[in-house]
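From first to last, the protein sequence lines are chains Y and L.
When we follow this note's numbering, the leftmost residue of the first sequence carries the number 510, and every step to the right adds one.
When we follow this note's numbering, the leftmost residue of the second sequence carries the number 495, and every step to the right adds one.
Each hint should be verified, as a subset may be incorrect.
Restraint ranges, calculated between C-beta atoms of paired labels, are given here [said to hold, decoys possible]:
1) Phe560/L with Ser738/Y: 36 to 42 Å
2) Ala734/Y with Ile497/L: 46 to 52 Å
3) Ser561/L with Pro665/Y: 30 to 36 Å
These aren't lab readings, by the way, just hints derived from the structure by calculation.
Heads up, the beta-carbon is just placed ideally off N, CA and C, and yes, glycines get one too.
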Amino acid sequence: MNNQLFRAGLRTIAPLCLGAFPFSFIVGAMSVSVGMTVTQSTLWSFLVFAGSSQMIALGLIQISASLLVIMLTTFIINLRHVLYSASLAEQVKNYPFYLRVLMSYGLTDEVYAATVSEMSHQKTGRHYFYLGAMSGFWFSWVLANFIGASVGSSFPEIAEYGLDFAMVAAFIAIVIPQIKSNECLVAALVASISSILLSVLPYSLGLIIASIIGVYAGYRMDLNAEKESRTDPDISFNDVGHNEVTE
Amino acid sequence: MDIQTFILVTLGMIVVTFSVRFSFIGLGNRIKMPERFKKTLRFVPVTVLPAIIVVEVLGVGEQMSFSLQNPRLLAALVATIVSFRYGLAWVVLSGIGSLLLFQFLLL
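For reference, chain Y alone in the conformation it holds in the complex:
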């Protein structure tokens, strides 16, 4: 065990832990308001360890969506992690299976962001850096959730003061900084309008169909933009293959 690298990982992730604290706190408080006990909430946070998905699942549980819709939405929300997995695959390919399983289990936006540059160096034992960052974030995530759940269960009336709206506001805070191009803006608008029109569908299936329609609109915008930039070489785009995510 390389303590020095492990501690360096902890230090690197510390500011991100602080940043994610309020988010996990809100998830904890909300999970109690949709009917989880403090123990269930803490265990859930430890096992699932996926910020936006947890919050969205709570919203879906609240409107009694089916398990299948919860799983599909979680899948769609977490698809971006495929990118992280692909980017780390080369660096960890020689590690034993159990280590790759563990590292994948804890691969969140924050862990990826904090470790990607260190992992790209060919340093022996660099996985200790990763494991340090991962355990630090995991611990603080579950701790914040536990505190949020405890506060939420001590003040049940907290839900009456717009706690469910905290989730909506958090989603707005996550999504607005990601809309950085016309393609993304169009995709977001198409998905929103489709979602309103499809909101009558059962089990909240409309959400999933609306986001597929939105992604398709964005894809067509991409194709168009690429065609235009081929005929007009002056146009360059800065948005290619670059997906910044905050959780």
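Based on the hints, put chain L in the right spot on chain Y.
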């Protein structure tokens, strides 16, 4: 929440999140992702979240309210404007704060 629902939701979410995170790491770098797929993936968060937000803000079916009398819509507008400049904590605080204010004013 009853134990059965809790276990099902937890296991379901673990299976989905883990398989996504393990995908390429598990394959051990044997498969390359097509560039087109990578590029299109960036639309996922910007479509799923707005789709959820509009339903949460406007409501569903009979309860849908797309008017300036809807305090949630006004608070969402405030949160959106705040999010141009500030981070998560401020957006959440201003969103809840303005919701309470608009609910009080529109009562």
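A quick look at each hint next to the structure:
1. Phe560/L with Ser738/Y: 36 to 42 Å: holds, 37 Å
2. Ala734/Y with Ile497/L: 46 to 52 Å: Because 51 Å falls inside the window, the suggested range holds.
3. Ser561/L with Pro665/Y: 30 to 36 Å: holds, 31 Å
The structure is consistent with each of the numbered hints, conforming to all of them.
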